[in-house]
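*Asks:* Using the sequences provided together with the hints, build the complete structure.
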Amino acid sequence: MYVKTPITDQDIAKMRAGEIVYFSGVIYTGRDAAHKRLVESLDRHEKLPIDFKGQVIYYVGPTPAKPGRPIGSCGPTSSYRMDAYSTRLMKEGLKVMIGKGDRSDAFVQDMIVEKGVYLQAVGGAGALLSRKVISSEVVLYHDLGAEAIYRLEVKDFPAIVTYDIYGGNLIIDEVKKYQIKPLED
Amino acid sequence: MRLGDVMRYIEMETITSTVKALAIDANCNIGKSFIDVLREALKKEKSGIGQNVIEQIIENDTIAMEHKEPMCQDTGMVVVFVELGYDVHLKGDLYEAINEGVRQAYEEGFLRKSVAKHPITRGNTNDNTPAVIHVKLVPGDKIKITLAPKGGGSENMSLVKMLVPSDGIEGIKKLVLHTIFYAGGKPCPPLVVGIGLGGNLEKSAMIAKEAIMRDIHDVNPDPVLAQLEKELLDEINELGVGPMGFGGSTTALAVKINSYPCHIASLPVAINLQCHASRHKESVI
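As you go down the protein sequences, you meet chains F and V in turn.
The numbers in the first sequence follow my numbering, run straight up by one, and end at 186.
The numbers in the second sequence follow my numbering, run straight up by one, and end at 289.
These aren't lab readings, by the way, just hints derived from the structure by calculation.
Values in this document were obtained by computation on a predicted structure and should not be read as measured data.
In this text, a Cβ means the ideal position worked out from N, Cα and C, and glycines have one as well.
It is possible that part of the hints are untrue.
As the list claims (entries may be wrong) - Reference listing, derived: stretches of chain V covered by chain F, where coverage requires no fewer than 3 residues with Cβ under 8 Å from a Cβ of chain F:
1) 20-29
2) 57-63
3) 116-125
4) 248-259
*Replies:* Here is the structure:
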């Protein structure tokens with residue numbers, strides 16, 4: 002399915018585990034250090050510098066853009082490191098997170114409660130994914146370098162729904178199909 | 005050569021320029037033979053999603069090679085193995101020469117600076133130094149430099165565990181299979197699995213890292229280890245984790261095991277996972 006950001010509740014309802022979603026419009030980047038700062042702002046009861054209502058956060062720290070390119074290599078980073086922070090951001094309206102790898106069971110439950118969706122892009126395909134980015138600009142925490150928050154304009158950026166709001170779980174479903182013998186304890 | 009014979013002098017600029025070239029090349033050029041390995045894996049992969057993931061990885065690596073761009077945004081912390089000939093006289097500080105090469109590569113090669121200044125207070129060194137440098141003395145008057153930009157995703161899923169002799173091969177297999185299964189997509193499979201058996205705590209980790217530098221097609225000269233590599237590869241690929249953890253029959257492309265004698269009470273096992281961006285390049289000066 003093709004969606005334009007910001008994301009609506011109707012879009013979220015249609016995103017089911019296994020569906021490939023092509024995002025167009027503005028998305029924001031964020032990794033460990035930026036998430037920590039955002040949550041520290043919330044702890045101090047400050048208004049967040051970015052309104053995350055209906056927004057998408059892509060877990061990435063790109064390489065510097067070569068001359069003539071909108072961005073450098075920009076594949077997803079492991080998402081579990083953001084589990085400690087992401088529930089707070091969903092409470093501020095964040096709808097979609099894109100990264101790679103699985104997330105904690107507790108966080109997956111939080112996603113169902115907060116009606117958030119998690120998708121994965123292909124890890125290590127940073128050069129290919131950079132072809133889906135039209136423009137990029139650092140909008141927050143410049144001092145963090147690659148870990149700053151960038152505003153990306155993307156066209157048909159691909160990611161596969163991994164955890165949906167109905168409890169659908171792509172990883173468990175797919176791995177089961179190809180597991181020849183169960184792991185011994 | 006006797007003491008007092010003529011030694012070979014090597015300038016620091018030569019080390020720096022070699023490291024710089026290796027770092028840029030390793031990040032952008034995975035090499036055609038590794039792409040062939042991925043193509044073989046694609047033919048065998050049973051999952052449709054898994055096939056699609058491998059296709060995207062091949063396309064990605066091809067774009068990176070053609071356009072001289074980093075294949076992955078995680079351009080790693082640089083690991084450098086130096087095999088230094090006894091008969092080489094270095095005209096300066098080897099460590100600084102290597103770090104200067106890293107500094108130049110990451111600035112001029114548009115690579116990401118991924119080194120935090122301090123493990124607790126974090127920050128960034130802003131030039132991707134220091135590298136992790138291992139120097140080994142060897143006979144001869146040459147220097148061999150092997151350089152690997154090592155990503156955080158796969159390194160984070162690596163571990164050392166001190167097993168005991170009675171754990172044996174079954175204990176080793178169980179540890180490897182559990183580590184890879186629960187790592188799922190986080191270390192970016194399909195993996196090259198480096199395993200260090202024996203030595204002690206740090207030696208096992210060291211030889212596990214050396215194992216992932218081995219040629220992907222080589223055959224272990226130790227028949228016991230060659231057999232274990234083969235069995236583990238099959239059993240890892242029966243876990244179902246698949247390319248990027250999306251499920252499938254290709255979780256690892258190779259298992260490489262290096263070993264070292266160990267204490268009579270011990271069976272150290274280090275597992276160093278290498279993501280599908282299996283980047284290492286070498287050069288002899």
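*Asks:* Next step is simple, just say for each hint if it's right about the structure.
*Replies:* Consistency of the hints with the structure:
no., hint, verdict
1, 20-29, "violated (count 0)"
2, 57-63, "holds (count 4)"
3, 116-125, "holds (count 3)"
4, 248-259, "holds (count 6)"
The structure fails to meet hint 1 from the earlier list, while all remaining hints are met.
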